[in-house]
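> Sequence:
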Amino acid sequence: MKNFINSNSNLIMSEDAEFMFTAGSIISLITCHEGVYEGEVLAFDYHKKILLIKCPASSGQASLNDVHLINLSNVTDVKIKKEVKKEDLNSTSLPHLNINKVELRKKQAIEERKRLAKAFDSGVTDEGIEVFLHLSKTIDAVTWEGKNIIVMKNVVIQPPYKPENCIPSNSSNMAGDKRNVNSAKVLEAVSYIKQLLEKYWNN
Numbered sequence: 001m002k003n004f005i006n007s008n009s010n011l012i013m014s015e016d017a018e019f020m021f022t023a024g025s026i027i028s029l030i031t032c033h034e035g036v037y038e039g040e041v042l043a044f045d046y047h048k049k050i051l052l053i054k055c056p057a058s059s060g061q062a063s064l065n066d067v068h069l070i071n072l073s074n075v076t077d078v079k080i081k082k083e084v085k086k087e088d089l090n091s092t093s094l095p096h097l098n099i100n101k102v103e104l105r106k107k108q109a110i111e112e113r114k115r116l117a118k119a120f121d122s123g124v125t126d127e128g129i130e131v132f133l134h135l136s137k138t139i140d141a142v143t144w145e146g147k148n149i150i151v152m153k154n155v156v157i158q159p160p161y162k163p164e165n166c167i168p169s170n171s172s173n174m175a176g177d178k179r180n181v182n183s184a185k186v187l188e189a190v191s192y193i194k195q196l197l198e199k200y201w202n203n
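For reference, each letter of the sequence shown is one residue, going 1 to 203 in my numbering.
Hints in this document: simulated from the structure, not taken from any laboratory. None of the values given here were measured: they were computed from a predicted structure. None of the hints are false.
Quick list of simulated restraints, FRET-style, between CB atoms:
hint	residue 1	residue 2	range
1	Pro159	Lys199	11 to 21 Å
2	Ile26	Glu164	43 to 53 Å
3	Ser58	Ser122	22 to 32 Å
4	Ser191	Asn71	35 to 45 Å
5	Asn100	Tyr46	20 to 30 Å
6	Glu188	Lys106	30 to 40 Å
7	Asn71	Lys114	15 to 25 Å
8	Leu64	Ile26	16 to 26 Å
9	Ile50	Pro159	37 to 47 Å
10	Leu64	Glu130	14 to 24 Å
Glycine included, each C-beta is placed from N, C-alpha and C at the ideal position.
Start from the sequences and build out the full structure, keeping to the hints where you can.
So this is what it looks like as structure tokens:
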């Protein structure tokens, strides 16, 4: 296992460093913000010190992966856990990466962080934040509306964010809301979210 950190805890970017991150290699690294990542190298830009790695999905879904864009200037420790063999370098093919999709996910993540910060400012409880983050791991369409959590645009979770606080978004409990009347699909979604909340609170 190779380590590329010098005595000043800065990533060594020597002439050989340009070739130290090859596509297909498995690496582990720690950032100055104590973020820990381990995964497969997809791409490496030596001049910009940018590394693209693929890690197991944080949602736990085996069919998905998380892709991280790492600024090596913020890395305090990096190890090469598995190198690609020289004879395999020419045959290593990079997976197709949908740049537009990556940019969209980036924008969505930034907007969600802004909404999360706004939720903190509006007085959302720690329990509410934890429920929001828990649901966000398995469901993409989770947003804030004041202190309420909106899931898939048609389910509302009101404080204190328990299963019994989960209602259809067009419920009469939501003053002024004139969205479509309850449908079997909406009620099914409410039932599903209630199950997730029950599992969360029971654990």
